[in-house]
Amino acid sequence: MAPPPLPAPWETIIGLETHVQLRTRSKMFCGCSTAFGAPPNTQVCPVCLGLPGALPVANGAAIGLAVRGALALGCTVQPKSIFARKNYFYPDLPKGYQISQFDQPLATNGTLSFVSPDRGIVNATIVRLHLEEDAGKSIHDRFAKATAVDLNRSGVPLIEIVGGPDLRSPAEARAYLQTLKQLLEYIGISDCDMEKGSLRVDANLSVRRAGEAALSTRTEVKNINSFAFVEKALAVERDRQIALVESGGSVTQQTMLYDSRENNVRPQRSKEDSHDYRYFPEPDLPPLVLTPEFVAEQQSELPELPSAKRDRFVATYGLGREHATVVTATRAVADYYETVAKTSAEHQAAANWVMTEALADAKDHNDQLRVSPAALAQIIGLVKGGTLSHQAAKRVFAEVAAKGGDPRSVAESLGVIQVGDTNVVTGWVTDVLGAHPTEVARYKRGEVKLMPFFLGQVMRASKGKADPKLAQRVLEEKLAS
Amino acid sequence: MSDAKAVADRLVKAKRLNALLTPPKDLRKSLVTQDAAARPTGVLYGMPVAVKDNICTLEFTTSCGSRILEGYRSPYEATAVAKLKAAGALIAGKTNCDEFAMGSSTEHSAYGRVLHPLDKTRVPGGSSGGSAALVGAGAVPAALGSETGGSVRQPAAFCGVVGIKPTYGRVSRYGLVAFGSSLDQIGVFGRSVHDAARVLSVISGRDPRDATCEDRDPLRLPTVPESLQGFVIGLPREYFPPELDPAVRRACDRAIRMMKELGAAVRDVSLPHTPYAVPTYYVIAPAEASSNLARYDGVRYGPRFNGATDLRGLYRATRGQGFGAEVRRRILIGTYVLSAGYYDAYYRRAQQMRALIAQDFRNVFDRGVDLLFTPTVPTPAFKAGEKLADPIAMYMSDIFTVTANLAGLPAISLPIGRVKGLPIGGQLIGQAFLEDEMIEAAYALERVVPATDEA
Chain G
1454 MAPPPLPAPW ETIIGLETHV QLRTRSKMFC GCSTAFGAPP NTQVCPVCLG LPGALPVANG
1514 AAIGLAVRGA LALGCTVQPK SIFARKNYFY PDLPKGYQIS QFDQPLATNG TLSFVSPDRG
1574 IVNATIVRLH LEEDAGKSIH DRFAKATAVD LNRSGVPLIE IVGGPDLRSP AEARAYLQTL
1634 KQLLEYIGIS DCDMEKGSLR VDANLSVRRA GEAALSTRTE VKNINSFAFV EKALAVERDR
1694 QIALVESGGS VTQQTMLYDS RENNVRPQRS KEDSHDYRYF PEPDLPPLVL TPEFVAEQQS
1754 ELPELPSAKR DRFVATYGLG REHATVVTAT RAVADYYETV AKTSAEHQAA ANWVMTEALA
1814 DAKDHNDQLR VSPAALAQII GLVKGGTLSH QAAKRVFAEV AAKGGDPRSV AESLGVIQVG
1874 DTNVVTGWVT DVLGAHPTEV ARYKRGEVKL MPFFLGQVMR ASKGKADPKL AQRVLEEKLA
1934 S
Chain D
-17 MSDAKAVADR LVKAKRLNAL LTPPKDLRKS LVTQDAAARP TGVLYGMPVA VKDNICTLEF
43 TTSCGSRILE GYRSPYEATA VAKLKAAGAL IAGKTNCDEF AMGSSTEHSA YGRVLHPLDK
103 TRVPGGSSGG SAALVGAGAV PAALGSETGG SVRQPAAFCG VVGIKPTYGR VSRYGLVAFG
163 SSLDQIGVFG RSVHDAARVL SVISGRDPRD ATCEDRDPLR LPTVPESLQG FVIGLPREYF
223 PPELDPAVRR ACDRAIRMMK ELGAAVRDVS LPHTPYAVPT YYVIAPAEAS SNLARYDGVR
283 YGPRFNGATD LRGLYRATRG QGFGAEVRRR ILIGTYVLSA GYYDAYYRRA QQMRALIAQD
343 FRNVFDRGVD LLFTPTVPTP AFKAGEKLAD PIAMYMSDIF TVTANLAGLP AISLPIGRVK
403 GLPIGGQLIG QAFLEDEMIE AAYALERVVP ATDEA
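Residue numbers (this note's numbering), protein chains in the order written: chain G, 1454 to 1934; chain D, -17 to 437.
Just so you know, the hints here were simulated from the structure itself, not pulled from any lab data.
Just so you know, these numbers come straight off a predicted model, no measurement behind them.
For glycine and all other residues, C-beta sits at the position ideal for the given N, C-alpha and C.
Heads up, a few of these hints could be off.
[What the hints assert, rightly or not] So the derived label-pair ranges between C-beta atoms look like this:
| hint | chain 1 | residue 1 | chain 2 | residue 2 | range |
| --- | --- | --- | --- | --- | --- |
| 1 | G | 1697 | D | 302 | 55 to 65 Å |
| 2 | G | 1663 | D | 294 | 53 to 63 Å |
| 3 | D | 294 | G | 1707 | 50 to 60 Å |
| 4 | D | 94 | G | 1486 | 39 to 49 Å |
| 5 | G | 1572 | D | 198 | 38 to 48 Å |
| 6 | G | 1472 | D | 326 | 23 to 33 Å |
| 7 | D | 282 | G | 1747 | 32 to 42 Å |
| 8 | G | 1662 | D | 291 | 23 to 33 Å |
| 9 | D | 334 | G | 1472 | 28 to 38 Å |
| 10 | D | 198 | G | 1464 | 55 to 65 Å |
| 11 | D | 200 | G | 1747 | 22 to 32 Å |
| 12 | G | 1715 | D | 291 | 50 to 60 Å |
| 13 | G | 1646 | D | 94 | 54 to 64 Å |
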């Protein structure tokens, strides 16, 4: 479902604020588990319950992961940053404030390069990246006339990544978010699962006439709770703003909530929106001071980033840019491809196999790459050496995926090894020609287009085992005589 | 066994002071249990220590002198309390205090005012007035209090006992219900410098649960010195204004003379930003309090009050009826000074002033002064009700104590004489983490000063 085309004179300006849960075992300021799916209020303690007298202590592992994220985005990691309290009342916020960072964030001024569907490569600004804790979860639909609160998520470590107003369409926002997700998954700091709430996105959107330099009043779009809705929600809000301005109205700065069922947006009640968060430095936590050694250590923990890996695959394995992009989509697939490519000299064939059979099989089996890289390299070698036809190789692949085993033995037990013995192939050819005298006569009168027919018959007679090149050569010889 | 009973009896005898919030029956029962479990090898074995009601204990409720936490039982105990118990001390009940430690007279408790142990028409000081009164009445040898702006030293001075506020970061705040987090420290009361100091030594030291607690070994107790030879003691002129109560001045002069006789060098010094300390304090402490007290919303613990039909109504009913007037006043002030548009004018400027006040002290200490001596409070204990209608007059009671909290420095108040039977306190302010020097000087002064004589 493509959104309706954008009227020519309008330009859309989008900036995303992304909240990402860090992959730590314990919470940001206490030792409670962050495991997803536990019974409500079982992963809590005095600290994350906000009991009187409890104090936060920052989780070093979370700080390390946040620094890795900042470095991967090319940010400047600040040697000193400050935790701050963001004050507001809500039942799932047990302390009455969230510990976050405000005017001195962990990192600033980075870049995310992504491929825009409209403009090619775009370098989007990352304004800042900061650490904070999550709130609990309010559950409004579990009990009649009551809201339940689960504080298992209270205190879970997050980073907020604030992107600049550099995106120009809903599709671009989606591409940005996909690239960001890929990067964060690559470096292993988050599993970026929107369904589990480990990646959440809010968007700032405004429209202006093309050519205008100043930004117009923006709205914030919230409640975009699935990847699929990013583009839809932003298109809806963009169209609303354009229609509003075209009919003589003006955009008010407010928060819009996206409703995915209705595919529309509605303003959040202004009371909920009129927060003065009264930020001030968190007196319970000293300034976060990071030594150059600590930052260097986090840098050394970073793997090769997706863009660098793609470029290297192009250079080292001679892949086209598009193929290299596909096989580097996730770190697991890239590592898989590279292991196959290192064992087999057939780099392009390896890419083809990974992009088709391997990824298709993985998609049906929980993203598991079920055929080992060594086995795939062997299959590719059997095709190259003429032992397996391409069709037979696919059968072998499927069998190895399902049941395991050594590809050659599997091929043998399936009886699909190609026969390259001239005597045996000559026997099949003789039988086929003997069975089709009419066609032989027509061929000899000049109807050479019948060759594929004969070849097909030979393959059939051999149950697919005849080496097709050899069979064709023998056929040509026999029919010429 | 008999020890625990005797401890309980002494506490129950002091009941008329309204200093203890723990019901006698609960207290007796718990003391017997604690006594049986206490480690005989601990350095405080068998010593009863009363604990201010804003410090979490497993044995007793922790209401912070507030209706909003009435009956609240903490599922964990403060690090300081755990350290006391590990040293063999007995937790001798919870003491009455100004609600959430906000006050200077212990008249702002939801559970009634505490009486001065020597004159029931007067206040014991505050906010740790219950702890001070119990030690002053001889019901316990020591007690824990808490300080944000003088809440241990001021009542210690009023009740004629010793009160120590340690360096910020010397004692873990884990389990101390927060008021002004950047100023709060647990402090101790004792009948003598030694009683207070040995309790402080036990509760001091690193705690992985408090990121603002310094990674240091517990305080080592100094020995009682023969003289004050080699000590340079500064007298900040801003702490001896012309309007100072003449009796307080006489008591101070006498103490200064005695320190000189012990061999101390005494020097006049200046802490020029002192006049701004109280206003600075009354921006920073309420700002932090407004945030620290946000959690009392009636959602998770504490009583719920009637009249709520929706979420906002629940907040309004709980906080409107659960908090007393002084707490509400400070939440309003704190919310105001942190609001967009006022932050720079108030909170940021107060932080800048706080830095200047701390710098004043460093300047003096850098010029060879070891300790400062001042009166603890400008007057002896005032009459109950006298300052209730005038919050500013009440706040001025903290004028000589708030500076040490703003600068994070250790300070001790000890009795240096009496006026018309009411105790007067003298204060020594030390350098950060040099409590041992400060206690050494206090030992020497305590030995010679006629603490119960008219000045």
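Results for each hint:
1. 1697/G to 302/D: 55 to 65 Å: violated, 41 Å
2. 1663/G to 294/D: 53 to 63 Å: Roughly 45 Å apart at Cβ, these two residues miss the hinted range, so it is violated.
3. 294/D to 1707/G: 50 to 60 Å: Between residue 294/D and residue 1707/G, where Cβ atoms are some 20 Å apart, the hint is violated.
4. 94/D to 1486/G: 39 to 49 Å: About 44 Å separates the Cβ atoms of residue 94/D and residue 1486/G, which means 39 to 49 Å holds.
5. 1572/G to 198/D: 38 to 48 Å: violated, 58 Å
6. 1472/G to 326/D: 23 to 33 Å: Given about 29 Å between the Cβ atoms, the range holds.
7. 282/D to 1747/G: 32 to 42 Å: holds, 36 Å
8. 1662/G to 291/D: 23 to 33 Å: About 48 Å separates the Cβ atoms of residue 1662/G and residue 291/D, which means 23 to 33 Å is violated.
9. 334/D to 1472/G: 28 to 38 Å: holds, 34 Å
10. 198/D to 1464/G: 55 to 65 Å: Holds, at about 60 Å.
11. 200/D to 1747/G: 22 to 32 Å: 30 Å Cβ-Cβ, so the 22 to 32 Å window holds.
12. 1715/G to 291/D: 50 to 60 Å: violated, 29 Å
13. 1646/G to 94/D: 54 to 64 Å: holds, 55 Å
Checked against the numbered hints above, the structure breaks hints 1, 2, 3, 5, 8, 12 and satisfies the rest.
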